[in-house]
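Guided by the hints, dock chain B onto chain A, whose structure is given.
Residue numbers (my numbering), protein chains in the order written: chain A, 1 to 110; chain B, 1 to 120.
Among these hints, one or two may not hold up.
[Stated by the list, open to error] For each label pair, taking beta carbons as the anchor points, the in silico distance ranges come out as:
(1) 67/A <-> 82/B: 48 to 56 Å
(2) 42/B <-> 67/A: 25 to 33 Å
(3) 1/A <-> 101/B: 19 to 27 Å
(4) 42/A <-> 1/B: 18 to 26 Å
(5) 117/B <-> 78/A: 19 to 27 Å
These are computed hints drawn from the structure, not numbers from a lab.
No residue lacks a Cβ here, since even glycine has one placed at the ideal position from N, Cα and C.
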Amino acid sequence: QSALTQPRSVSGSPGQSVTISCTGTSGDIGGYNFVSWYQHHPGKAPKFVIYDVSERPSGVPDRFSGSKSGNTASLTISGLQVEDEGDYYCSSYAGNSFYVFGTGTEVTVL
Amino acid sequence: QVQLVESAGGVVQPGRSLRLSCAASEFTFNIYAMHWVRLAPGKGLEWVAVISYDGTYKYHAHSVEGRFTISRDNSKNTLYLQMDSLRAEDTAVYFCARAYRGAWHYFEYWGQGTLVTVSS
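Only chain A is shown next, with the shape it has when bound in the complex (with noise of 0.2 Å):
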């Protein structure tokens, strides 16, 4: 169960896009549409961002997006507002009730 990969770290300027890519294998995200995407600020709980690759949970706003292309997923912020600062973690599904997350990017609103 190797750990997904993702870039260190992100920036972007408020109003900008950034996209985050999370890499596995076809043993997890190629083999499953059950990726999920998360947010976290160190100290705090993380928040629940993107579900079945695309789907946002209910509170979550639009300018969070996902998408999946074969073994690699992405999650793209869209309009950058400082408060998406943060640590995103990818998770995918990994069979045989397993699952894997990403090694985390840092987002940064310059």
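Okay, now just chain B, sitting in the frame of chain A:
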């Protein structure tokens, strides 16, 4: 508002044991699967274990299999993680998380986490 509150962690010597608990409130605990997830210093999130709504099914990550055991007491609305034979690499903030609706695959609500440090 869903509430998940982990018990205090602490410093534990290598090879010793510790039991974490997670008190759930403001939702019907006995109809949701529950997870434990950890965040080690300088690393990313790592899934640890999941338990079905009634405790029948339990799965643990390979990294903790045979040493950690997830359990729950639905009469007390509480989730547990029994951690035995602790190692330095188990040092992490441990979060409990509620699964999303009927799907085990997502972590909808999380606690604030509790720090466990394994050190002599």
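To see whether the hints hold, each was checked on the structure:
1. 67/A <-> 82/B: 48 to 56 Å: violated, 39 Å
2. 42/B <-> 67/A: 25 to 33 Å: Because 29 Å falls inside the window, the suggested range holds.
3. 1/A <-> 101/B: 19 to 27 Å: holds, 25 Å
4. 42/A <-> 1/B: 18 to 26 Å: holds, 22 Å
5. 117/B <-> 78/A: 19 to 27 Å: Because 40 Å falls outside the window, the suggested range is violated.
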